[in-house]
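All chains, full assembly: derive it from the sequences and hints.
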Amino acid sequence: MNNLRKNKLKDQAFKILGVLFTMFGILMLVILIYNIFKIGLTRINWSFLTSLPSRKPESAGIYTAIIGTLDLMLLTIIFAIPIGVGAGIYLEEYTKKSKWSSLLEINISNLAGVPSIIYGLLGLGVFVRFFGFGGSILSGALTLSLLILPIIIVATREAIKAVPSSLKEASFALGASKWQTISNVVLPSSFGGILTGIILSLSRAIGETAPLIVVGAMAYVPFVPKSLFDTFSVLPMQIFNWTTRPQQGFAIAASGAIIILLLITFIMNGIAVYFRNKWQKKLQ
Amino acid sequence: MELQFISETNGKKNYNNKTMDVMTKKNIDIQTEALVVEKYKLHAKNVNVFYDDFQAIKNISMNIKPNSITSFIGPSGCGKSTFLRLFNRMNDYVEGFKMDGRIVIDDANIYKKGIMVEQLRKEVGMVFQKPNPFPKSIYDNVAYGLTIQGIKDKKLIDQRVEKALKQADLWNEVKDKLKKSALALSGGQQQRLCIARTLAVEPSILLMDEPTSALDPISTAKIEELIHHLKEEYTIIIVTHNMQQASRISDYTAFFYLGELIEFDKTKKIFTNPEKKQTENYITGRFG
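Residue numbers (our numbering), protein chains in the order written: chain D, 1 to 284; chain R, 285 to 572.
Certain hints may be false.
Restraint-style ranges between C-beta atoms, simulated for each label pair [what the hints assert, rightly or not]: (1) R:Lys-436 with D:Leu-74: 32 to 42 Å; (2) R:Lys-447 with D:Lys-178: 22 to 32 Å; (3) D:Lys-97 with R:Glu-564: 36 to 46 Å.
Hints listed in this document are in silico derivations from the structure and should not be mistaken for laboratory results.
Note that beta-carbon positions come from the ideal geometry of N, C-alpha and C, so glycine has one too.
If you want it as structure tokens, here you go:
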């Protein structure tokens, strides 16, 4: 009886501890968001979104940074998705188990954990210098593509692995070839998972600053990039730049930019969740 | 014996007689062999299967007649599913799979180099243990085998879908909701859908790997009745753990144990008067 009560007490204690730990993380986030919104929300208006950066904090805007971010994301999507999904399909469906393939697997998983600054240096060496793309939006997009490739590959593989082998067998047994099975059964069934992986990886890419500093993203660009070889700025660069300025006005502008960046990230995640749920419903 | 006896009295004449006799006999043999080849839909000879070092099938030979139902029975791990999956080469995807021997379907060795596996599988359909409809509509499920063949004629596909669903005795239940997801059907309906999906490709052999083990008795009875009707057009091989099922529906029964074919005979014979003690023990439930 005594033991039972002790167990119940322990149970209760652990439950409270769990609640506290959970609250801690959420509380921190709430404080951060509250602070930023308190300072930055007043700054957000139409002209903030459509003005070029300026030396005067009151008239500075984030137009070039937003467009730069969107352009950069678009290019990164174009480069990273076909390569990442293709590599994921190949590794999951075509490679036979061997020492070589497991070595490849371990390395790709490790690449997902390499610090982003290292990718920046790689981009600087390969795209900026060797290929001579310079500090352009093309170099930036290629560098970010490299950065998120491992994430997309791993997500694609996990999504494909989750497709029941009974479905693949059914397709083969009806006379489908390997590619027909992949395109008609495997990919539609794993689409939700792959999409989630892609959007989460883009959410990571959109917040990256370090590799872009290395490949030469500008904090101040007076124009929107018109070609692949133009210089560019992105929101995190703009935020980083503004927070290093002494004027109070720039701190407010930085908070405004953070809100916009958070908003874009939330919207992207929201789209991912929406598509995933829609797809799951369709599968049931 | 008689020939030998005579040969002692009149050697030469008898020698001639004997040659003639042997020759006629050989002729008859050749003729019957030709007949035999024609008569069997499916013919396995000295088949061995290995998964890496493990031998799953030990030197099995078997002939299966067209438009017959054959049951494979035996305890789990006896190799009956492995043997079944040889006929549409589904084992090819298993890592470490190796086989030797010959498997002939309609006079063609299906393990010969240059055999189109996709073509073979249109001829040899398969229904699996658990119903595994694609997460697509009922219509798309049945049409799948046709669309991957590149058939575009909508009318033809419509016809074949309807025919297959009727053959599988599912048409009346689903004709008003062909565009609905197949996953909304009950387990028994799903399995009949899987059978319809296989029939739509119009194979001549139907392999069934424990098709009713995941179903309730009523669905099972429906599918057994279906199998009985399908016999008129198809050669059917069914793996089952259900002894009553084997005795109810099949013409021939093969008993497997530890990778060997212990006994293969008419179902009636296997279940009433088996040759081997092992078969009898298994059927009467003394082991397995």
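Quick rundown of the hints versus the structure:
Checked against the hint of 32 to 42 Å, the C-beta distance between Lys-436 (chain R) and Leu-74 (chain D) comes to roughly 36 Å, which is consistent with it. In this structure the supplied range 22 to 32 Å holds for Lys-447 (chain R) paired with Lys-178 (chain D), their Cβ-Cβ distance being about 29 Å. Between Lys-97 (chain D) and Glu-564 (chain R) the beta carbon distance is about 43 Å. The supplied range of 36 to 46 Å therefore holds.
In this structure, every one of the numbered hints holds.
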